[in-house]
Structures are given as C-alpha cells and as structure tokens.
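K.L.:
Protein chains in written order, with this note's numbering: chain A, 1 to 322; chain B, 1001 to 1323.
Since the hints were made in silico from the structure, they are not lab data. A virtual CB, placed ideally from N, CA and C, is assigned to each residue, including glycine. Misleading hints may appear alongside valid ones.
To be verified - Reference excerpt, derived from the structure (chain B facing chain A, CB under 8 Å, subset only):
#1 L1121
#2 N1124
#3 L1130
#4 G1131
#5 T1132
#6 K1137
#7 G1138
#8 M1141
#9 M1142
#10 Q1299
#11 G1304
#12 V1305
#13 I1308
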Amino acid sequence: MKNNKALKFLREYNVVVITALVFLAAVIIASPKFTKLSNLSNLAMSIGTYGILAIGLTFVFIVGGIDLSIGYQVAFCGTMLVIIANAIGLVPALIIVLLMGTAIGYLNGTIVTRLKIPPLIGTLAVMTALNGLVLLLSNNSGNLSIKDTMFGVSLPEFYRFQLFGVLSPSIIIALILFVGFALFLKYTRAGSDMYVTGGNPEAGAFSGINNGRLTRIAYSICGLCSAICSFLLVSSLGASTYNMGDGLDITAICAVVIGGVKMQGGKGNMGMCLMGVATMQIINNAMIKMGLHSSMQSLVTGIVVILVLILDKLTSKKAVNE
Amino acid sequence: MQLKATEKPTLKERVGGIQNFGIFIIMLVFIIVVVALSGVKFFTPTNLLNLLRSISVTGLMAVAATLVMITGNIDLSLGWMIGLAACITGVHSDNTVVAIVFAVLACAACGAFNGILIGGLKLNAFITTLGTAYVFKGITMMYSDGKILTASVQNDSLKFIGQGNILGVPTPIWIFLIAGFIFWFLLKSTTFGSRIYAVGANAVSAKFSGVSSAKIVMAAYILTGIVTGIAGVVFYSKVMSVQPYSGAGMEFDVLTAIVLGGTSVSGGKGNVPGTIIGIIFVGILSNGFTLIGLGSNAQYITQGVILILAMRTDVMSSRGMRG
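Model the full assembly from the supplied sequences, consistent with the hints where possible.
P.N.:
Printed below as a string of structure tokens:
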C-alpha cells in the first residue's frame, strides 16, 4: 500500500520531481555561475515577480477560466502607475492602480459570467482593447520614467533592497500572497467552493454555490495580482514601457501548466503554481548563465511545456477512458 | 450513414454564410460612420483593393484555421509559424520555387507536429500550441539569427506574388480568394468537410460512426500549416523583407476574424464565408480608422469592444454556447 501512496503522490505532484531534477541539472551544468549567491537571490527575485502573476492565473484556472489579457493588464497598470505617480505621488497612485487592476479583473469576470462569452474570446477582447489603451497612453513613445520616490528611496533601489541579505520586496510580497491565498483556498468556504465551480459547476449550482460570483472573484484576484506585478516590474525598471507585458501572459500560462494546474478547472493549488514558476525561471536563469542564445531558451521552454503535457497525459488515470 | 446526415449543420448554417448577424449589423453601421466622416473615399476601387490586399495574409491563415476551430481545437502557434515561413522565403529569396517548397514543407511539418500532439495524443490544444509556438519561435530565431532578412538579389517572380497584379487585382487577393474558395468547397461539399463538423460537434459519436477524429484533426492542422506556409511567402514578398518576430501576435488577429465570422470556439459550428466576412471586417476597421485619421490605438480599443458586442449578439441568438 505504501508503494501505491508513493505512486499517487508522484501522480499528483510530479512537478516536485520535475522542479528538483531541473534544479539539479542546472546546478550540474551551469554550476559555478548558477550557484553564486547573487545569482540565486536574483533567481528568487524573478520567481517572486513572475510568481505573483501566476498566483492570480491559478485562481482563474481553478474556476475553469482562462485569462489572455494579463500581459496587457500589467502593461496598462504599469503605464497608469507611472502617469498617476508623476501627477499625484507614488503611494496614492499605487492604491489607485491596485483598485484599477482589480476592476479590470472584475470586468473580465463579468464578461465571462454575465454576458456568457467564452473566456478565451472575452479576455482576448479585453486584451485587444487594453493594447490600444496602452498605446494611446504612452503615445507610442517607448518609456515613461517614474520620478517620485517611495519614502525617500528610488524605486529601483527599493526593488533591489534586501532584508537580511536575501529577502527583497518581490519575494516578501510573493510570500505574503502565496501563504494568504493558500490559506484562503484551503480553509475558507469560498476557497473550497471555487474548486466545485471549476470542477463541476452544475453540482455547484445545485448545492447553492454562486458560480458566477466566485468566478468574478477569481478574475478580480487575477487582476489584483497583475497590478502588483506591474508595480514590481516598474520598480525594477524605474519606468514603464508600452511592451512591458509582452509574452508575460504566455510565460505565466506555461508556468501554471507546468505546475500541474488543470485548464479544465477544479484542480490546482499555490504549491503547484510556485513549483511551475520556479521550474521555468530556473531553466531560463541557467540557460542565460550558460550563455545560450535566447532562441535556444524558447526552444527548450516549448519542449518542456509539451513534455509536461505528455507526462501529465500518461500519468493520469482518467486519460485512458477519455 | 444515418449519422452523417444528422451531424451535418443545418442548411441555414452551411449556405447562409452569415450566421452571426450581430457582426453584420455592426459592420454596416461602422461603414456608414466611416463614409459619413471621410466622404466617399472609402468606396474608391483603389481603397477597396488596398483594404483587401492588407488582409490577404491574415485572411489566408484564417480560412485554413477555421477548419481547426470547427474540430473544436485552436492554433495559437500560427504567428511564429508564418514567421518561420517568411524567414525561409527570405533566406531562399533568389529562387522562388525553392523558397515556396521549403516554406510550405516546413510549415506542413509544424502543422503535423501540432496535429500529432493534439489529434494523436489528445493533448489540450490551447496549451500545446502555446508550447509549440515557443518551439517554432526558437527555430525561427536560430534560423534567421534574429536578423532582418532582406532580398539580396532581384527576383521578379517572387516579387510578383506579393506585389504583382492579375487583371488589375493584386496577386495576394487572388491567392486569398482562391484559398477561400477551396476551403469553402472542402467544408461544404466533401466527406472530409462533413467529418470535420462531425468531429467538432461530437467526437465520441463521430468515433462510433467510424470517423477517426485523430486523423481528421491532424489533417486540419497540416492543411493549416500548408496554407500558413503560403501565407508566409506572400507576407515576405509584399515588402521583400522580414523581421523574424513580425509574425508574433498574428494568431490573435486570425482568432478574432474566425470568431467574428461566427465560428464557435467549442467546435462543430462555423464556415469559411463567415471567416472571410470576419477578416474583411477587421480590415474595414483598420482602413476606416486610417481614413478618419485615428490611429491603430483607437482601432484596437474599438475592435475589443466590437468583439464583445458581436459575441454577445451571437450568444443571445444561439444560446448554445457554454460560458
């Protein structure tokens, strides 16, 4: 029986093995440069920044949705953050942008649940519209740099700041969100109901779960996470660029999928999300340290995504019946 | 073949072409606004030909990808696939035949790769094609070394594909229309076409009636690949130069056009005339905004809003789609 349990664990959490193997491979292949403390803390910082985006997306996946617009949500929130911060100061701007991100997420949720438009198309429309807005706001002119400071420190300094030599703001924020949302999913009624909404909406509706409301909450959380991520990205660059969100959506979707979160809904948690993001960032980081060309990086990333999908198909029992 | 008859879409769906009336009404209103604001410039033959020429590349991909969508799948790797085809054309720009053959073969192979993973291994089409898009991106960037590829030798036959005229109509439009006709015929009047609808509408019952959904899905992806290869040649020869990453994002234009044309994302429903109307509408939006003097920013915003409006009217009229 013990064997069975181990197998079951592997089936559920094969991502842990993947992450460990990828990390091991990175240590062996790209060793002296990869294992430097400064690089590892850089790695942790990028896992934090991109992890926040993936956390939001995990919620959308759990309720059985998809959000194509997160990349442009980040670009839009980042651009708005810089514009508002330069007008009325950073702290109020941050509050406004966090609300704005949540509102965009809520809009996505409303389009999907109230207008009954498939999430793929609804969020594609929001993505297209946000793309236009970002271009309009930035006047098609590359960068908008931020002038205001956060309690006297400039934003890039703030981003690079390290508590105890390791904990930078992006890691701290990601950890808080990670623990908070993990507890939310496990111990609150709304959290566990989200799995029902994603896994079996009909059953949910019969047992009195408000699927629409939970879906809107999930999309709103995703929007909030995009806004937080945009703040961190603006901090790291000291500016916003109109294309700062390009590719982020696809990276986040791939990370969440590598983690084993199911697009069909009803399955996934914060641990899977974190592992997926970590796997992708380790691969990227190790390949940069090995001096590989970026074309090689995309190739490997793509192959990893496909392999994970195949592995997932082979290890899941249900697949045989499908 | 009892099932074949019942699985076939209704006459209205197949022949009507415009099953999504919402989009048609919005389109008319928009044209009226454009004409009102810009005078009759919109209806000059030059402008209309320009409009059609500008959508021909995306249109080519869209008519083929309609097949994939009807089988209930999706292809998000098209942007990098056309990038690869255009780069191959760029490298072999001295020899038209070699360029076309290599570009089409490479994209057919890409399509087969997608088809095997999605049709054969039954992987989720959305995520799989995101993954293969990364793979194709890597291959394209390696192949082109990330550089802009400009034709080094004068090659008139290749130039003719993108910039020539036949009977006063630009060649890309001819290619687009011919492809549109072929795929319309394929879907409407062949067994293969009705099997595509059958697989999309209900893969299980299609299987019981002897239709191999794996083969049909694979064929749809390979055909899409082949047409994307041709589109890549046209794309390159329009300006005889290409940036390797210039195809990125095109898959979303293709998706928008197909969906505006009334093809359902859950499969089993849709047709080529609808897709052509969808892509023409995107062209009218872009062309109209240029005529009025507003940039692409306003176009994107409007396009997003219209996509929602059109889908909303579609949902209200069909009620068949799951949110």
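K.L.:
With 8 Å as the cut and Cβ atoms as the points, is K1137/B at the interface with chain A?
P.N.:
At about 4 Å, which falls below the 8 Å cut-off, the nearest Cβ of chain A leaves the hint on K1137/B intact, so it holds.
K.L.:
Does the nearest C-beta of chain A fall within a distance shorter than 8 Å of the C-beta of Q1299/B?
P.N.:
holds, 7 Å
K.L.:
Using Cβ atoms only, decide whether M1141/B comes closer than 8 Å to chain A, and label the hint accordingly.
P.N.:
holds, 3 Å
K.L.:
Please verify that hint: G1131/B, Cβ, nearest Cβ of chain A, below 8 Å or not.
P.N.:
Interface hint status for G1131/B: holds (3 Å vs cutoff 8 Å).
K.L.:
Can L1121/B be said to touch chain A, with a Cβ gap under 8 Å?
P.N.:
L1121/B check passes; min Cβ-Cβ to chain A is 6 Å, inside 8 Å.
K.L.:
Classify the hint on N1124/B as holds or violated, based on whether any CB of chain A lies nearer than 8 Å to its CB.
P.N.:
holds, 6 Å
K.L.:
Does V1305/B pass the interface check with chain A, least Cβ-Cβ distance below 8 Å?
P.N.:
With a closest approach of 6 Å, the V1305/B hint holds.
K.L.:
Could you check if T1132/B really has its C-beta closer than 8 Å to a C-beta on chain A?
P.N.:
Check passed: Cβ of T1132/B comes within 6 Å of chain A, closer than 8 Å.
K.L.:
Regarding the hint that M1142/B lies at the interface with chain A, is the smallest CB-CB distance below 8 Å?
P.N.:
Interface hint status for M1142/B: holds (4 Å vs cutoff 8 Å).
K.L.:
With a cut-off of 8 Å on the beta carbons, see whether L1130/B makes it to chain A.
P.N.:
holds, 6 Å
K.L.:
How about I1308/B: closest beta carbon in chain A under 8 Å, or not?
P.N.:
Holds: closest Cβ of chain A sits about 5 Å from I1308/B, inside 8 Å.
K.L.:
Checking hints one by one. Is G1304/B an interface residue toward chain A, by the C-beta closer than 8 Å rule?
P.N.:
At about 3 Å, which falls below the 8 Å cut-off, the nearest Cβ of chain A leaves the hint on G1304/B intact, so it holds.
In the structure shown, no violation is registered for any of the earlier numbered hints.
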